[in-house]
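In case you want the letters, here they are:
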Amino acid sequence: MVYENPDGVKIGLEIHVQLNKLNTKLFCGCSTDYHNAEPNTHVCPVCLGLPGSLPVLNRKAVEFALKVGLALNCDIVEQTQFHRKNYYYPDLPKGFQTTQYDFPIAGHGKVIIDGEDGERIIRITRAHMEEDPGKLMHMGSIEKSKGTLINYNRSGMTLIEIVTEPDMRSPKEARRFLDKLRSILEYLDVFNGDLEGAMRVDANVSVMGGDRVEVKNISSHKGVEKAALYEIMRQKNFIRRGDKVVMETRHFDEARGVTLSMRTKEEEHDYRYFPEPDLVPMRVADWVPGVQKTLPELPDAKRDRFMREYRIADMHAKALTSDIKVADFYEHVALRVCPGAAAVWVADILKGELNYRDIGVHAFKVEDMIEIIELVIGNKITERSGVEIIRTILDNGGTPKTIVKEKGLIKVEEDIIIKAVTETLEENPEALQDYLDGKEKSLNFLVGQVMKKTAGRSDAKTTRKMLLERINKLPQK
Amino acid sequence: MITKEEVEHMGWLARIEIHESEAQAYAKKLSSVLDYFSQLAEVDTENVSPTYHVADIVNVFREDVVRPSMPQEEVLANTEKKQEGNFLAPRIM
Ligand SMILES: [Zn+2]
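As you go down the protein sequences, you meet chains F and U in turn. Once you know that position 397 of the first sequence is 397 in my numbering, the rest is easy, because the numbers rise by one and skip nothing. Once you know that position 72 of the second sequence is 72 in my numbering, the rest is easy, because the numbers rise by one and skip nothing.
These aren't lab readings, by the way, just hints derived from the structure by calculation. A few of these clues could be false.
Computed from the model, here is a short list of chain U residues facing chain F with C-beta under 8 Å [as the list claims (entries may be wrong)]:
(1) Ser-31
(2) Ile-57
(3) Ser-69
(4) Gln-72
(5) Phe-87
In this text, a Cβ means the ideal position worked out from N, Cα and C, and glycines have one as well.
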């Protein structure tokens with residue numbers, strides 16, 4: 001099946017990724033651990049842009065950027081330097097943003113995603129390093145704001161801006177790309193996507209060969225999908241009415257799910273880019289072999305290995321490897337119990353329960369998962385009880401052992417069933433006789449009676465089997 | 001020659017209001033600065049690679065080690081307008 005893309009949708013993304021696993025900012029020693037801090041407590045003369053301060057580049061930030069570039073299958077530039085992008089806005093106290101311009105550190109890469117009709121290659125145009133601006137908070141709504149509060153704690157954080165070609169043909173593909181990108185970045189251990197503002201996206205959307213519209217500063221993957229859906233609908237309506245879509249910048253109102261026109265008077269040449277004289281050029285292409293060696297196994301490779309090594313299905317392998325934490329969790333479980341059963345329990349059951357509660361896999365212990373699987377495989381508890389234990393642990397805490405005991409989940413021992421069978425047959429001679437006379441339905445009644453006696457803890461199949469064994473042994477009348 | 005409109009646009013980029021009456025004068029002055037610099041265009045740079053930095057060094061780095069930041073009072077010392085530890089700017093569209 002080939003995806004026709006009937007509306008000629010083209011989506012390209014620009015993703016600002018905070019390399020927030022660094023200890024310090026891009027050009028100064030201020031800590032990156034500001035998320036729960038008071039405003040303006042993680043700043044210094046450099047990230048505040050005070051006169052006379054001098055930036056010095058963080059070596060590890062460059063290493064991280066190289067890792068990202070290589071993981072996105074990019075070429076690494078021979079020599080590069082930083083430029084000043086001049087604009088006057090209070091999120092940057094210096095009056096310019098330090099960024100890369102004509103020589104991005106990485107370019108010409110690709111990422112494979114699950115597209116509308118199978119695997120699809122999304123080309124990476126470039127990836128460049130730059131500093132994050134400070135954070136503005138409007139008092140009240142943006143239209144009626146009385147003033148703007150400025151917090152520079154974020155100012156100077158290391159960003160890598162990743163720019164794709166317009167290779168995505170639907171909002172779903174755009175979202176898949178972002179999910180894949182996040183997955184890769186977390187595998188590299190350069191990025192924590194759970195932190196506020198860790199990833200911000202601009203989406204360029206066009207339909208039917210029209211001009212592209214840029215939707216700025218979307219903060220979630222779901223938001224990108226929604227903004228693109230809205231934009232496609234808006235542009236199609238425009239064209240249907242005989243109007244022409246013009247190139248413009250829009251803002252996404254997440255609460256209302258609409259995009260709104262943003263007036264911008266600045267054009268590319270207004271930024272007056274020029275080389276940053278306070279920083280010397282860098283020549284880091286010879287770091288590449290060393291950095292390459294530190295790259296971990298990435299999601300696609302891990303998926304393939306899981307399929308090979310644990311003999312699990314493509315679908316399970318994908319579900320287990322999209323999040324590095326889930327992948328590690330699974331491997332720990334799979335080393336101790338049957339990998340096939342582990343895949344079902346982790347990918348289908350545990351992940352579903354976690355998603356439902358919107359929590360991460362860290363909330364569950366590997367040991368507990370192993371114990372539950374062993375109890376089920378050893379026929380000590382039913383699958384249903386296994387699920388119940390997972391839910392109980394997630395909602396109320398506890399261990400499988402205590403929950404099994406408290407809820408009486410251990411399957412009833414055979415002798416208890418035997419006793420129940422004996423009692424049932426003694427108490428219901430008519431039903432027994434009816435069955436012996438050929439009324440099959442009476443057996444169901446007897447099975448039900450036995451299960452009632454065991455409080456539903458023995459399953460119907462076993463009960464039926466044992467009941468029949470007993471009846472067949474009865475002396476013939 | 002720089003036009004009055006270009007002067008106004010530059011004023012906007014720098015968020016400086018330039019009065020109609022001043023624009024003409026600025027246009028003249030800025031044009032003369034540009035003329036002066038245009039002498040550089042006369043130099044033959046055919047086989048000269050661009051200078052990105054005047055110092056002939058590359059790769060100056062620091063290690064990823066946290067250094068103390070400034071206390072909040074000091075950060076805000078140069079502003080009169082502040083609120084709850086933030087700088088307070090006028091409404092921004
Ligand atoms: Zn700083």
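Here is what the structure says about each hint:
1. Ser-31: violated (18 Å)
2. Ile-57: This hint holds: U/Ile-57 lies near chain F, its Cβ roughly 5 Å from the closest one there, short of 8 Å.
3. Ser-69: Holds. Min distance 5 Å.
4. Gln-72: Interface hint status for U/Gln-72: holds (5 Å vs cutoff 8 Å).
5. Phe-87: holds (4 Å)
Checked against the numbered hints above, the structure breaks only hint 1 and satisfies the rest.
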